[in-house]
Amino acid sequence: ETGVTQTPRHLVMGMTNKKSLKCEQHLGHNAMYWYKQSAKKPLELMFVYSLEERVENNSVPSRFSPECPNSSHLFLHLHTLQPEDSALYLCASSFGGGRSYNEQFFGPGTRLTVL
Amino acid sequence: EDQVTQSPEALRLQEGESSSLNCSYTVSGLRGLFWYRQDPGKGPEFLFTLYSAGEEKEKERLKATLTKKESFLHITAPKPEDSATYLCAVQARLRYGSSNTGKLIFGQGTTLQVKP
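Protein chains in written order, with this note's numbering: chain G, 6 to 120; chain R, 159 to 274.
No lab work stands behind these hints: they were computed from the structure. Please note that the accuracy of each hint is not assured.
[As the list claims (entries may be wrong)] The calculated lysine-lysine pairs, modelled on DSBU-like cross-linking and capped at a C-alpha distance of 30 Å, are:
#1 Lys41(G) <-> Lys221(R)
#2 Lys46(G) <-> Lys217(R)
#3 Lys23(G) <-> Lys46(G)
#4 Lys45(G) <-> Lys200(R)
#5 Lys227(R) <-> Lys217(R)
[Said to hold, decoys possible] Derived list of chain G stretches under chain R, where covered just means 3 residues or more per stretch with a C-beta under 8 Å from a C-beta of chain R:
#6 15-22
#7 108-119
Using N, Cα and C, we set each Cβ at its ideal position, and we do this for glycine too.
Input sequences plus hints: build the corresponding full structure.
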């Protein structure tokens, strides 16, 4: 195990539903990330939180809303999603905010299907 | 524009048949090149970090090398359990804020299949 957990592991939702993805890291890191991985495409960075402050949102649609209440927990709130949002959503954590490098460690991901 | 290209897209090897995976990159000010392994339905697993040209790192049957324009992941005498997708990523500076927290730019990956 990498020390980063995600729940749920699988999620099926309709386009009108509201759901949340949860990520927790046990590595003592202070930066957390959400990535989207679609079939046949590279991992795409969605959001970065460093020291609990969002530093980049990478032009993600507003139907995705992140929340980082502390350095160990990260949420991704979902509402009125589209079928093309179906993908594997990955959380990662690292040291940041002053270190010269940041190896990111990933959780197992949430497989999201939007009907 | 920061970019990472991996080749080949897919590679099939017989057990024991050594080969190399390529990762070509363009980035303004390389702050680290990372290799990950990803099994189907799972998150990427960290393998190596390389920081400067000429650097090499090894782990079991894997060896990663770095030049100013590309990195290679050499697989020596692979086994079926080495079958996975191998991802390469470079660290780029974020566009906003003063934090040194970087963003990873990933390639599309090389899917390796090792047959017994």
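Now the hints, each set against the structure:
With a C-alpha separation of about 28 Å, the suggested pair lysine 41(G) and lysine 221(R) falls inside the 30 Å cut-off, and the hint holds. The straight-line distance between the Cα atoms of lysine 46(G) and lysine 217(R) is roughly 27 Å, inside the 30 Å bound, and the hint therefore holds. At most 30 Å may separate the alpha-carbon atoms for a hinted pair to count; lysine 23(G) and lysine 46(G) meet this at roughly 26 Å. As the CA atoms of lysine 45(G) and lysine 200(R) are separated by approximately 15 Å, the hinted pair is consistent with the 30 Å bound.
The straight-line distance between the Cα atoms of lysine 227(R) and lysine 217(R) is roughly 22 Å, inside the 30 Å bound, and the hint therefore holds. Counting residues of the region 15-22 of chain G whose beta carbon lies closer than 8 Å to any beta carbon of chain R gives 0, which falls short of the minimum of three for the stated coverage. Residues of the region 108-119 of chain G lying with their CB closer than 8 Å to a CB of chain R number 8, which satisfies the three-residue condition for coverage.
Violated hint for the displayed structure: number 6, the only one.
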